[in-house]
Every structure is written in C-alpha cells, then in structure tokens.
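Undergrad: The primary structure of each chain is shown beneath.
Protein chains: 2
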Amino acid sequence: MSFNKDFLKYAIALSETSSSAGHGGPFGAIVVKNGEIIGEGFNSVTSSNDPTAHAEIVAIRNACARLNSFQLDGCEIYTSCEPCPMCLGAIYWARPDRVYYANTRYQAADAGFDDAFIYDEIVMPPETRSIPMIHCSDKAAEQIFEMWKLNPDKTLY
Amino acid sequence: MSFNKDFLKYAIALSETSSSAGHGGPFGAIVVKNGEIIGEGFNSVTSSNDPTAHAEIVAIRNACARLNSFQLDGCEIYTSCEPCPMCLGAIYWARPDRVYYANTRYQAADAGFDDAFIYDEIVMPPETRSIPMIHCSDKAAEQIFEMWKLNPDKTLY
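Line order of the protein sequences matches chains Y and V.
Convert by adding 64 to the 1-based position in the first sequence; the result is the number in the numbering used here.
Convert by adding 64 to the 1-based position in the second sequence; the result is the number in the numbering used here.
For chains that are exact copies, the list does not tell them apart, and a pair is met inside one copy or across any two.
Here are the simulated PhoX-like pairs of lysine-lysine, each with C-alpha atoms no more than 25 angstroms apart in a straight line:
#	residue 1	residue 2
1	K97	K73
2	K73	K218
3	K213	K203
4	K97	K69
5	K73	K213
6	K203	K218
7	K73	K203
Treat the hints as calculated values from the structure; they're not laboratory data.
So that you can see chain Y by itself, here it is in the shape it has in the complex (with noise of 0.2 angstroms):
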C-alpha cells in the first residue's frame, strides 16, 4: 500500500478530539489494513487513569481485538505523532508494514511531553538511568526460561 493522506488526517482528527475533550493528550492512531481503517485510538491516559493509555496503544488493541490475532500483518499504522518509546516497542510486538507520523518526538517535547527524553534514557547503562533498573539474577528466573526454550507446546510470539 501507498501513503494515504486521508488516512493521515483521520489520525490528525482523532488527536484534536482527544484534547477539546479532555480525554488526554493531542495524539491519535489508526491501523489499516487492505485500505480499511481496522482499529483506531486516541490519547486517554488523563481521563482513563492509564498511564498506557496513548493512541497507538489503543489503536493497536482494538484492532487486534478485532481481527482476533496478536499480529498485525500487512496492517499500517498512521498516528498524528512520532510513536514515542513504548508505542514503538508496542509496534515492533504487533509488527505490521510500516507507519507513518506527522509531528515529531522533538515537537512533542516542545508541547511538553517526554518522548525525546524518554528515547535519551533508553540507550543508558539500566542502572543509571533517571528510573534505576537493577539486576538481581536469580537461578530460579533463569530455569524458568530454559523450561519454556524446552516447552513444545509454547505459542511464539
């Protein structure tokens, strides 16, 4: 499939509806499919005390909810903004084609939201970033990943 404008500006609506309305921030998401929007999700978090809550989170669900599959294969995703680090991590589980945004992470951070800061965090060493994150290794942990490398019966993902 081709970039689709409408589709763009669909996303861009849904981001305008989720702020006059007070549902959260100004970002919305769609995911298509065969050139049918198939999912689609607004910023919630303020509203819906989520902190997951952001377009594509949503979009994603409901679309998957949709098609019963926890794949998005052949699926695009438009989204009024950058996918900030959880929403990409989101995106590369869900995999679909391809995505197309409209404002960057650093117009986002100028609207005053984390996503720059966010993807500045990740490349650091765990335990030194602005959240710590320790490792404590523990052998139980470890076997429990070698049973399920073992398990023949496990669905990948």
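Position chain V relative to chain Y; hints supplied.
TA: Here is chain V on its own, set in the frame of chain Y:
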C-alpha cells in the same frame, strides 16, 4: 525502600504461572508501594490476542486502576526480566521510583524474544528501521500541538 528478595520471588512465580498455564511468555511483574503489592501481572499476549499484554504493562495498569491515578509515585516495580522498550516506556510514563529485574534482555533474546532486537532498532533513524517509520509533516497536526501549549485547562502527565 530497599530491595526485598521476596517481592522478586513473587514476580518470578508469576512468570512461571504465565508460561505453564499457557497464558503467554514466561514473564511476571508486580508494583509495590509502602511494602505492599498494589498491582500484578503476567504475560498474556497469546491468550488475550493483545501484543501489549506484557507483565509490566498489565501490572502498571492494575496498580493505576487501584490507585485511581496515572502515576506511580513512591512505587517500585519487581519484574522477572529486564523490561523491553515498550515496558520501559510505560515505566517512564508511570514514573515509579525504581525497577528490580532478574533475567536480562540478552537472556530473553536467547529464549526467543525480540527485546534486544528492539533495543537495537530504536536508535536507528526511523525511516531505516525494519519497520519503517516515515515522517509526513502536517500543518494541522502542528497547529493542534500549538493549541495544546496554549490551553490553560489541560491535565499534564
């Protein structure tokens, strides 16, 4: 608060529950506040058809629902594995004080998970990633950010 091995063991037990019961991958996480578990989760990606249903995401949503808050001030997260970039992003948006983890991203990669791959991809220029992310600048999207900046009634997060 200081590290409490019992909390890590509980998160690891959740990871074993998830994989042995077929909910999803072998990952578990909890949120602790004032010495009490206020949220917990295990991976349920494949059983719920939700690629965002990682242990940390589920635990954060669970804790935030309990607190009626989109922030986890004064909390710590214990997780059976180093957070993937999606979960790291969610942690930054929820803003707990600290994270303790058992297995690493490299051990996750050895067990067949994309965590390390996504950490490698996130630092690449968006358009060159294996899932290309393409910037399509748009005046309307920029204008919505400007309106957000000027809105005196917005809830910051």
